[in-house]
Amino acid sequence: MNHRKRSALAVAAAASLALVGACAPGNAGAPSSAPASAGASSAPAAEAYKPPTITLGTAEDSKGPAIPPEGVVKGGTVTMIDRDDFAHFDPAQIYVNTDANFGLLISRGLTGYKRIAKGDYKLVGDLATDAGTPSDGGKTWTFTLKDGVKWQDGSPITSADVKWSVERMFAPFVTFGPNYIQTWLTSEDYKKAYPGPYGGKELDNIETPDDKTVVFKFNSPHADANYAFAMAGYNIVPKAKDTKEKYDKEPVSSGPYIIKSHVVDKSLELARNPNWDAATDPIRGAYPDVWKMEFGQEATQVTDRFVADSGPDQTAFTFYSNTPAERLQQVLGDASLADRRMISPSPYGNYYYFNLDRVKDQKIRQAINYAWPAKQIQQALGGPQAVALPTTILNENTTVGYKPYDLFGKTAKPEGDIEKAKQLLAESSNPHPTIVYAYNNLPTQEPVTLVIKNALEKAGIKVVAKSLDRKTYYDSISQTKNEFDLYWGGWGADWPSGSTVMPIIFGPVSDGGQNMSHLNDPTVKAEMKKISENPDINAANEAWMNLDKQIQETITPLVVAENRIGTFLHGSKVGGAEIDPQQWIVSPNTIFVKQ
Amino acid sequence: MLRFLTRRVIGAAVILVIISGVTFFLFFVIPADPARLACGKVCPPETLAQARHNLGLDQPVVVQFVSWLGGIFFGRNFEGLGTCPAPCLGYSFVNRAPVFETIIDRLPVTIALTIGASVIFLTFGVATGILAALRQGKPLDKIASISSLVGASMQIYFVGTLAMYFFVYQAHIFPQPKYIPITEDPLGWFGGLLLPWIVLAIIFTANYTRMTRSTMVENLAEDYVRTARAKGMSGRSVVLRFALRGTLTPIVTIFGVDLGQLIGGAIITETTFGLQGIGRLSVRAVDNSDLPTLMATVLVAAGAIVVMNIVVDALYAVIDPRVRLS
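Protein sequence lines, in the order shown, are assigned to chains A and B.
The working numbering applies: residue 1 is where the first sequence begins, and numbers increase by one.
The working numbering applies: residue 1001 is where the second sequence begins, and numbers increase by one.
If you're looking for bench data, these hints aren't it; they were derived computationally from the structure.
C-beta: ideal position from N, C-alpha, C; glycine also.
There are no misleading hints in this set.
With a straight-line cut-off of 27 Å between C-alpha atoms, the simulated DSSO-like cross-links for lysine-lysine are:
| no. | chain 1 | residue 1 | chain 2 | residue 2 |
| --- | --- | --- | --- | --- |
| 1 | A | K244 | A | K192 |
| 2 | A | K50 | A | K413 |
| 3 | A | K63 | A | K212 |
| 4 | A | K403 | A | K420 |
| 5 | A | K249 | A | K150 |
| 6 | A | K150 | A | K246 |
| 7 | A | K594 | B | K1178 |
| 8 | A | K573 | B | K1178 |
| 9 | A | K529 | A | K549 |
| 10 | A | K122 | A | K74 |
| 11 | B | K1178 | A | K260 |
| 12 | A | K139 | A | K122 |
| 13 | A | K549 | A | K422 |
| 14 | A | K530 | A | K549 |
| 15 | A | K292 | B | K1178 |
| 16 | B | K1178 | A | K249 |
| 17 | A | K266 | B | K1178 |
Some chain A residues judged to face chain B by a derived CB distance under 7 Å, without partners named:
| no. | residue |
| --- | --- |
| 18 | T175 |
| 19 | F176 |
| 20 | G177 |
| 21 | K244 |
| 22 | E245 |
| 23 | D248 |
| 24 | K249 |
| 25 | V264 |
| 26 | K266 |
| 27 | G296 |
| 28 | Q297 |
| 29 | Q301 |
| 30 | A308 |
| 31 | S310 |
Derived coverage of chain A by chain B (criterion: at least 3 residues anywhere in the stretch with Cβ under 8 Å from a Cβ of chain B; other residues may be distant):
| no. | segment |
| --- | --- |
| 32 | 178–190 |
| 33 | 508–515 |
Based on the provided sequences and hints, a complete structural model is requested.
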């Protein structure tokens, strides 16, 4: 979503953007577990979607410059058009993908993702010489800064800046960014543990033995801490130029560009940062000389402008304006747009959560999973080109070591297996249960609700549909004492591992929390803790995938929902435009202007 | 006249305070929590409380309103963000800027859109109405009547979208609508707004044609017009000096209302053409639960209506000597 809107739920915002529709040829975007499956059979044959490969890079990989895309040309002015301006420039306040993506242009962190080739990425050192060195079983992480990395004023970026940047995230004015590192350094209630550096107090477990070295000492092992540091929220802020709240408006650049002008919600222009050195940066190509950004354009207008491809729009692209449903067939059917189309499934997890406090019988939850009308929902939302049908909790785009499974026969019967559902209901505590289904009052959700109601009622389940206002939807469903049995919710991984999904969506049960199924199982909790502290990241990734299946098998707290597929266009004189599969947004790193 | 204007200005100020108060309190009736938008993806209750405190939402509603009202006259100091000099309409935590700055940035777009379109629809509407009245029952009258009926039934989002598709994207007759300050590039300003002006004028012209025609027909049948004709005055003078003057009073009335509404925000027009004016700003403010911006846009809209009403009342006196006498 949207909304734009700057929803506190980043995933919800992105998902609401997606609600306007999207598509892909054939089964592009369908999970690899469902080749040409799940309703994709009616779509034209096309190359199957391949989720990205994300591996750990070496010190050699961490050297700049970035690997250029084919045919790259330096120079020129590129224009980006979208609906909304960026909400935050202060890295500490950045969580939403749109802000993080823009952040690549003006700020840098310790680590980041280097594009090796299309769909092939490596976690490398960004400001750091490599992706970090763990010790003490993953409790201690050491990073060394590269030579020659500077702020826009030419002053060197030091380990003191890194330490300061993390410390300031504890300050009361920071309410929006990620909180992984803060909690690992202190406790869950990290704001109480440390008030931030502005009063002169430092965090002892971030050490800076010299100007180039920074050592983080966590309370427990975190084998994937270097992935956490790749989040834009952990990008670096200069200690000497920190203006607290005001920094959000006046950021100091460490990236390839500086903000030349910015009229909020209207326009933004970037010029080159003379103190950025491509030789130190393995991630950002920074090919155009000037970036002009234009806000206030609805998705339909953006699409129409790209289809028309006239004048200055030829050198324009969009970060996130997904082709809306009403333009989708036109965009997909026009062969002349083929080389200007970008298609990628969303990296977010979308779920219909059961309220386990109310739907207590697992047989009923399994029956609903079997009866679930995935194919009909897919049709209601634009067909297989617009929506893929995953079968796992973890998303293939954001899970290293992704392993597909299909517990409820969705590949074979995407329309639902009513007979199997009836059989399970007959074995349950209530063969004719009533389910209160709460849905977000959005135009796209009305037909989906109808489809769900019809399907479940065929199995003998009475569905009471409750429409909730979109502004209060998330607040309503995230109340622990809510009066609903089933509701949609989403979550996006913060790095490609189950560690930023499972412990959140099955984490602490609290009002406003993300554990919307209210799953509170000691075995699951113990297993999550064990995996989180596993110093072997590969073993941990495998274990997350196994836990995904185990939870669905033994508890069934949710129905895995449909996954949107985004279709984006760009102007004919823009090269290197690619959707970042992790962020579901066009990456600025490879963009160039064709001459 | 001065007393009249003073009375009306004081009345307008009272109306604006009442409207602001009602908007402010209504905002808090809505269950949406703006602090939620300032709280991250993981938003524990303590962080949410901190966000609420940072936004000043933990203060009683009355205190918040009085602070807001006081800011208009005396300015305000926003902790950590600096001072907001009078007239301070609040600080938008969504736009990260004092609201007054944003309003000043957006107002020229809406004013340019309004004035340009007004010139077109007023000129064409009144001219067509006069011609139709003078050619009553003739083909020109019928064409004008049918056209105005069609125009009045059109919607901006329909005509605007079609116009964009055919004239901008297909035929490339008009450039992509955009606002360029007239001081920067007068031709760019004109070209960027021409299509929105025309589309807005198509919808509004119809009302003026119909209103002018019907009032003109009535006026042409008045005794004083007949007398003027009987005294040998030329047809042109009769129409322009007598009949038209009588026709102008209702035209000025609806023009004042239209102008006020358009300055308050041509929401659909601005959205259709991607123009960043007051209308779009107000929609975004509602979407983002951005109370300070919402308050300011409501104030601008209400202020525009109130001011235009005062201007219309003053113009009556200029147009109609009977008003001056009374």
